[in-house]
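Grab the two chains, each in its own frame, and use the hints to assemble them into the complex.
First to last, the sequence lines map onto chains W and V.
So for the first sequence, UniProt numbering puts the first residue at 1; every next one is plus one.
So for the second sequence, UniProt numbering puts the first residue at 1; every next one is plus one.
Careful, some of the hints might be misleading.
Calculated Cβ distances over 10 Å to all of chain W for the following chain V residues [as the list claims (entries may be wrong)]: (1) Leu19; (2) Cys46; (3) His52; (4) Leu64; (5) Arg141; (6) Arg144; (7) Gly152; (8) Val186; (9) Gly246; (10) Val295.
What the simulated footprint calls covered on chain W by chain V, stretch by stretch (three residues with Cβ under 8 Å from a Cβ of chain V suffice, anywhere in the stretch; the number is not a length) [stated by the list, open to error]: (11) 80-86; (12) 92-103; (13) 109-123.
In case anyone wonders, no lab produced these hints; they're calculated from the structure.
The beta carbon of each residue, even a glycine, is placed where N, CA and C say it ideally should be.
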Amino acid sequence: MSLVDVTDLRVDFGTLRAVDGLSFRLEEGAALALVGESGSGKSTVASALLGLHRGTGARVEGTVEVAGTDVQRASDEELRRLRGGRAAMVFQDPLSSLDPYYAIGDQIAEVYRVHARVSRRAARARAVEVLDRVGIPDAVRRSRSRPHEFSGGMRQRALIAMALACEPRLLIADEPTTALDVTVQAQVLDLLHTLREETGMGLLLVTHDVGVAAESVDEVLVMRHGRAVEHGPVTAVLGAPSEPYTRDLLAAVPRVDASRAPSEVSGEVVLRATGLRREFGRGKRAFTAVDDVSLTLHRGETLGVVGESGSGKTTLGRMLVGLLEPTAGRIEPGGGVRPDVQMVFQDPVSSLNPRRSVGESIADPLRARGERDEGRIRERVRELLERVGLEAAHHDRYPHEFSGGQRQRVGIARALAADPRVIVCDEPVSALDVTTQAQVVALLGELQRELGLALVFVAHDLAVVRQVSDRVAVMRRGRIVESGPADQVYEDPQDPYTRQLLAAVPALDPELAARRRAARRELAIA
Amino acid sequence: MNGVPGFVLRRAVGAAVTLLVISVIVYVVFYATPGNVAQITCGPRCSPEQVHQVARQLNLDDPLFVRYGHFLQGLVAGQDYSTGTSVQHCSAPCLGLSYQSDQQVTQLILTKLPVSLSLVAGAMVIWLVLGVGTGVLSAWRRGRLSERVLTGITLAGTATPVFVIGLVLMIVVCGELQLLPFPQYVALGDDPEQWAWNLLLPWLSLALIEAAAFARLTRASMLETLAEDHIRTFRAYGVGERSIVGRHALRGAFAPVIALNANNVGSAIGGAVLTETLFGLPGVGQELVHAVNVVDLPVVVGMVLVIGFFVVLANAVADVLYAVADRRVVLT
Chain W
1 MSLVDVTDLR VDFGTLRAVD GLSFRLEEGA ALALVGESGS GKSTVASALL GLHRGTGARV
61 EGTVEVAGTD VQRASDEELR RLRGGRAAMV FQDPLSSLDP YYAIGDQIAE VYRVHARVSR
121 RAARARAVEV LDRVGIPDAV RRSRSRPHEF SGGMRQRALI AMALACEPRL LIADEPTTAL
181 DVTVQAQVLD LLHTLREETG MGLLLVTHDV GVAAESVDEV LVMRHGRAVE HGPVTAVLGA
241 PSEPYTRDLL AAVPRVDASR APSEVSGEVV LRATGLRREF GRGKRAFTAV DDVSLTLHRG
301 ETLGVVGESG SGKTTLGRML VGLLEPTAGR IEPGGGVRPD VQMVFQDPVS SLNPRRSVGE
361 SIADPLRARG ERDEGRIRER VRELLERVGL EAAHHDRYPH EFSGGQRQRV GIARALAADP
421 RVIVCDEPVS ALDVTTQAQV VALLGELQRE LGLALVFVAH DLAVVRQVSD RVAVMRRGRI
481 VESGPADQVY EDPQDPYTRQ LLAAVPALDP ELAARRRAAR RELAIA
Chain V
1 MNGVPGFVLR RAVGAAVTLL VISVIVYVVF YATPGNVAQI TCGPRCSPEQ VHQVARQLNL
61 DDPLFVRYGH FLQGLVAGQD YSTGTSVQHC SAPCLGLSYQ SDQQVTQLIL TKLPVSLSLV
121 AGAMVIWLVL GVGTGVLSAW RRGRLSERVL TGITLAGTAT PVFVIGLVLM IVVCGELQLL
181 PFPQYVALGD DPEQWAWNLL LPWLSLALIE AAAFARLTRA SMLETLAEDH IRTFRAYGVG
241 ERSIVGRHAL RGAFAPVIAL NANNVGSAIG GAVLTETLFG LPGVGQELVH AVNVVDLPVV
301 VGMVLVIGFF VVLANAVADV LYAVADRRVV LT
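Chain V with its partners taken away, still in its complex shape (with noise of 0.2 Å):
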C-alpha cells in the first residue's frame, strides 16, 4: 500500500511493535531488580507475614513470563483485581494497578498526561519561537555585534540550569513583582486563562533551555544554505537580502528544526522532570520518577509506555512535516 494510508498504517505496526519491545524490556529489569518489592510496597514496619501476603496478592512469587502473559491480558482484555475486600474491574485496556494506591494505572496516566503535554506544547511554541527567530537574526546580521550578543544570550539560557532560571523567574515575577501567582496547576479545560497564566513561567524556564539549539541548529542551516548554488542564482538576479534570507536560506532550515522538535517534544513529555517538581506540576515525568523510587512495577510500565508512544507520534508527525517543506521526500 503507498501513499498517505499506507504510511499511517505501517507506522502504526511499527509503534506497536516498538511498544511491546518496550514493556518486556521493562518487565525484564523490574525482575532482575534486587530488594524485595513486597517489602518496599507494604512499608517498613510490616512483619514478615504482611510481606509474605502483599507479595502474594501482587502475584510478586509468579515466574516473569507469568506477570508479563497476566500483563497483557489485561491490555487486551482488561481483569479483575481483587485488593484484600473488594474486587476491582479494569476493563482494558488495563494497564493493571498501582502497588502502592491500588488505582488504575489507566487513570493515574488520565490524571498526569493533561500536565506534561500542557507544559511541553506551551513551551515548544516559545522554544521554536525563541530559537528560530534568533536564529534567522544571527545567520542574517552574521559577524555583526547585533550577532554575538543573540548567540551570547541564548548560549548562557542552555548553560544555565533549569532550577536556576525557574526560581529566578519565580523570585522575580512572582516574589519581588508580584506580576503574576506562585504558578499551581489548573486545567485546561477549567479555565483556559488561568491555565496559560499559570503554566507562563514553567514553560518559560523550559523552552529557554531548548532554544538555543534550535538556534544554533537555524543558524548552520541557514549559513549552509546561504552558500549554496541556488543562494547565488537569486543574488545575480537582482533579489533583495532580505528575500533571500527570509523565503530561500530559512526554507532549509526546516528539517532539521522539524527533526529535532520531533526529538525534543518526545523526550520533554517524561522529561520535564525538573521543570514539574520545581513548579509543582503534578506531570508523567514527576509521577514515573516516584513510581521508580518505589518499585511500582504497573506505573512505570504504564509510564514509560505512555512516554514512548508520544516518542514514536512525534518522530511519525516530523516525518509528515518534512515530506510537506520538502516535495522531495516521499512517504514510506
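Bound conformation, chain W alone (with noise of 0.2 Å):
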C-alpha cells in the first residue's frame, strides 16, 4: 500500500474549482514535489491530505489514502490522530505559523501530548530533543524562548523540529523555505535531507520554485489550474520536459549562472553618493542600518543590489530617493541637475492606496510637481498604461481589478510619471510567479533602451539580479562587500560571503544540487 494515494481529486470554494480531478501516489520513504505558479492548487492538495478542508465550506471529492487513513471517511477522531501523529506538515511563515504567547518547548510539547500518552515532564524532554536534533543550539535553554526571540530560519527549524516530535511516516511541507534567506534556505533543505536519510519518512513538497524541488525530491508533479501537466523523475521533468507548459515554466526561471547582454551604458553619471550612513535608533539600541556605502550611477546602467534581509539594501535605496535622510554622507546628481529618483516597490497590492483608482494613483506625481490641467494629466496617464503594456481604459479601475503583475506595471507607470531619471526597485519582482516576473523584468529593461533610465535594482534573489544587471553590489551588514560588472562577481567572487550565497542558490539540475549539497556538507565539516 502506498503511503499517499490520490485519486480524482476535485476541491471547490463556491464556485472556483481550485483542484480539478488530481491523482498521484507517494511510496514510503519516497520524495515528490507539487510545483506549480500561484493558483495552480498546489498547496490546496497538502491541505487536503490532512483534510484541512472539513469544516471551512470547501466541497472536497474524491478519495485520499494517508498512512492507511481513509482522509475523506475518517471520524473527527481518527482524522486527529493521523494530524502530526502519522503525518506532519510544516508550512511557509515560520513567524505566523507558531503561537506567540507561547515558549516554543511547550508548543511541541503540547502537540506531542495530543498523540502520546505521556507525562508534561516527558513531553517536554522530547521537545528539547527534537528542537537538539534540527539543530538550534543550547536547545534546553532555547526550548524556553517565544517565536519573536528565534530568527527565521530557527523558527522553520523549530517547526521541523514540532514535525519530527511524533516520527511521523510523511512529511507535508507547504513552501517551506518562501520566507527565508538563500543561505538559510539551503541549510533548512540540507535539514530535511538528512532527516529524510535518517528516519526514511516520505515527503510531500510544495514550492512555486523548481530549483528547490531539484534540491529535495525524486519525483515531480508540475500543476496548472487544480490539474496535472506533468508527472515524472526529477530529472526527466527539469531535464527534458515534454508539455509546453512546463518547457514555459522552466525557460522563464531566472538562471544564476547566464550572462547578459549588456546594455548601452553611457559615460554619463546621473547620481553619485558617497560614504551614505544610516543608523536608527539612539543610545545603546542605535543600529547601524547602512554603513559608509559609496556609489555612482550611470545613464542607461543597471546596478543590481543584493543581499539577505537585514543586509541595508532596502534602507539605502530608501535614501537614494530621499524618503530617508542619511545619518552621514552626501547624495549628488550627476551634471548639476535634480536627479528626479522614483521609487517602485515591492508589495505591488500594499503601495497602491485600494480605495483610488489605478489612474488617480498614476497621477499622484504629476499632481505633485504642480500639473494642474485635469485634461493634461488624463492624456499623460493614459498614455503611461499603455507604454507598461495595459490598456488606456483601465484608468478608472481599481487595484483590486488587477492581478500581481498587473499591478506592478500599475507601480513602474507611477514611477514614470515624473519622468526620472533613475529608479530604484525594491524587491519588484518577488511577489511574482516567475513567467510574471519574467514580463515585468522585459518590460523594465524595454524602458531602460527607450528612456536611458538608470535603474538600481535591489532584491535577494541572485538570478534575478544576474539577469538585469550590467554591475552588482553585494552588502551584508550595511556594506558593500564586494561590486563590479555582474559578470565578474558572479564567475569569479572575491568576497567569501559572495561565494556562499552563490553556493546556497538551488541548482535546477538534481545531479548539480547533489554535488553542491555535498560540498556544503564539507565545508560545514571543515
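Structure below.
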C-alpha cells in the first residue's frame, strides 16, 4: 500500500474549482514535489491530505488515503490521530505559524502530548530532544524562548522539530523556505534531506520554486489550474520536459549562471552617493543599517544591489530616493541636474491605495509637480498605462481588479510619471510568479533602453539580479562587501560571503544540486 | 533608566504633570463660570453684605493665579484656614476646605473613595467573568443558536439603562422575594459579609451594563486569532478544538480586554453616578455632581484629581499587565 494515494481529487471553493481531478501516489520513504505557480491548487492539495478543508465550506470529492487512513471518511477522532501523528505539516511563514504567546518547547510538547500518552515532563524532554535534533543550539535553554526571540531560520527549524516529535511517516512541507534567506534556505533544505535519510519518512514538498524542488525530491508533479500537467522523475521533468507549459515555466526561471547582454551605458553620471550611513534608534539601541556606502550610477545602466534580509539594501534604496535622510554622507546629482529619483515597491498590493483608481495613483507624481490641467493629466496617464502594457481604458479601475503582475505595471507607470532619470526598484518581482516576473523584468529593460533610465535593482534573488544587472553590489550588514561588473562578481567572486551566497542558490539540475549539497556538508565540517 | 524602576519613575512623573494640568484647567473653567459663587455659597437669603463677607473669606476676589498659588501651597506645605470663629489647620497634602461645609476636602475624599472603590472593584470582577466568559462561549459556539442567545442577552444588558436594571433588581430581589435587605453601604472594615451582601445588587447592575462590551471584544479578538496561521498549525497537528479555543485563541484576547478594562475602571471610579444615586451609595461620583451644582471649587478640584489619579493608575497597571501577557511588549 502506498503512503499517499490520491484518486480523482476535486476541491471546490464555492464556484471556484481549485483542484480538478488530480491523482497521484507517493510510496513509503519517497519524495514528491508539487510544483506550480500561485493559484495552481498545490497548497489546496496539501491541506486535503490532512483533511484540513473539513468544516471550512470547501467541497472535497475523490479519495485521499494517507498512511492507511481514508481522509474523506475518517471520523474527526481518526483524523486527529493522523494529523501530526502519522503525517505532519510544515508551513510557509514560520513566524505566524507558531503561537506568539507560548514558549516554543511548550508548543512542541503540547502537540506531542496530543499523540503520546506521556507526562508533561516527558513531553517537554521530547521537545528539547527534537529541537536539538534540528540543530537549535543550547536546546534546553532555547526551548523556553518565544517565537519572536528566534530568527527566521530557527523558527522554521522549530516547526520541523514539531513535525518530527511524533515520528511521522509523511512530512508535508508547504513552501517551507519561501520566507527565508537563500543561505538559510540551503540549511533548511539540507536538514530536510538529512532527516529523510535518517528516518526514512516520505516527503511531499509544495513549492513554486523549481530549484527548491530539484534540490529535494525524486519525483515532480507540475500543476496548473488544479490539474497535473506533467508528472515524472525529477531528472526527466526538469531535464527534458515534454509539456510546453513545463518548458515555459523552466524557461522563465532566472538562471544564476547565465550571462546577460550588456545595456548601452553612457559615461554620463546621473547620481553619485558618497559615504552614505544611516542609523536607527539612539543610545544603546542605536543600530547602523547602512554604513559607508558609496556608489556611482550612469545613464542607461542597471546596478543590482543584492543581499539577505537585514543587509541594509532597502534602507540604501530609500535614501537614494530621498524617503530617508542619511545620517552621514552625500547624494549628488550628476551634472548638477536634480536627479528625479523614483521608486517601484516590492508589494504591488499594499503600495497602491485600494480606495483610489489606478489612474489617480499614477497621476499623483504629476499633481505633486504642480500639474493642474486635468485634461493633460488624464492624457499623460493614459499614455503611461499603454507604455507599461496596460490599456488606457484601465484608468478608472481599482487595484483589486488587477493581477499581481498588472499591479506592478501600475507601480512602474506611477514611477515613470515624473520623468525620472533614476528608478530604484525595491524587490520589484519577488511577490510575482516566475512567468510574470520575467515579463516585468523584460518591461523594465525595454523602458530603460528607450528612456535611458538608470535602474537600481534591489533584490535578494541572486539569479534575478544577474539577469537584469550590468554591475552588482553585494551587501552584508550595511556594507558593500563586493562590487563590480555582474559577470565578474558571479563568475569569480572574491569575497567569501559572495561565494557562500552563490553556493546556496538552488541548482535546477538535480545532480549538480547533490554535488553542491555534498560540498556544503564538507564546508560545514571543515 | 530601564526596566521596571525606570518605568515606574517615568509614569509617576507623567502622572504628576497630568494631574497638575488637570487642576489648572478646572481652575480656569471655574473662574470663567458665570454666576456669583459667593451668593450661591452663602445661600439665597444672604444680604449683599453677608455675600461680600463670604467672598472675602473664600478669597474669591483674588485674581486667578493667586488663588491657584494658594492651592499649590496647601498641597505642598499645608495651610491654615480661618472659618470665622476658629482657625483650622489643614496639613499637606491639603486640597482646601469645602465652601459649603468647611470640611477638609482630603477628609471628604477619604470618606467617599472607599465607597466608589468597593463598588468598582466588585463590579469589575463580575463584568470580567460575565463578559469574557460570554465572549469565549460565543466564539466557541460561533454561528450556533447558543451564541445568538448569549449575544442577545448581553446586548439587552447594554441597552437597558442602569436605573431600570437596578430598580427591577431591587424590586424583585429585595421587595418581592425579600432575599436581601435594601442596599445600604457598610464599610468593608466594619463587616465584610454585610459589605458584600449590600453591594451585590449595585455590582450586578453596574457590571451588566459593561459586560456586553467585554463579550463582544473577547469574541471579536478570539475570532481574529482563530483565523491566524498558528491556529492552523495546531489544527494540522491534531490539537483539539477545546484546547485551540481555550488556550491559544483566548490568549489573543487578553491585550484588548486589559485595555478596555483599564478604561472602564478609570472612568467608573467617578462616573458611576447613576448606580451610586440609585442605591444611595455616598461615592465620589455623587459628591462630584453635588459639588459642581453648588460651585464648590475645592471639592470639585479634589474629586477630579482623585478620579484623574485612578485613570492614570489603571492605565499604568494595564501596561504592566500587557507586558506580562505578551513578552514581546517592552515597558517604556
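Hints and how they fare:
Taking the minimum C-beta to C-beta distance to chain W, about 29 Å, the non-interface status of V:Leu19 holds against the 10 Å cut. At roughly 62 Å, the least C-beta separation between V:Cys46 and chain W is larger than 10 Å, which holds for a residue marked as non-interface. For V:His52, the requirement that its beta carbon stay farther than 10 Å from each beta carbon of chain W is met, with the minimum near 60 Å. V:Leu64, annotated as away from the interface, keeps every beta carbon of chain W farther than 10 Å; the closest lies near 41 Å.
The Cβ of V:Arg141 lies farther than 10 Å from every Cβ of chain W, with a closest approach of about 14 Å, so its non-interface assignment holds. In this structure V:Arg144 is separated from chain W by more than 10 Å, as the shortest Cβ-Cβ distance comes to about 13 Å. The claim that V:Gly152 lies off the interface holds: its Cβ sits roughly 25 Å from the closest Cβ of chain W, which is beyond the 10 Å cut-off. Even its closest Cβ contact with chain W, about 42 Å, leaves V:Val186 beyond 10 Å, as expected for a residue assigned away from the interface.
The non-interface label for V:Gly246 is consistent with chain W: the shortest C-beta to C-beta separation is roughly 12 Å, beyond 10 Å. The Cβ of V:Val295 lies farther than 10 Å from every Cβ of chain W, with a closest approach of about 49 Å, so its non-interface assignment holds. Given as covered by chain V, the stretch 80-86 of chain W passes the check, having 6 residues with a CB less than 8 Å from a CB of that chain where 3 are the minimum. Counting residues of the stretch 92-103 of chain W whose CB lies closer than 8 Å to any CB of chain V gives 8, so the stated coverage by that chain holds, three being the minimum.
For a cut-off of 8 Å, the count of residues in the stretch 109-123 of chain W with a CB near a CB of chain V stands at 4, and the three-residue condition holds.
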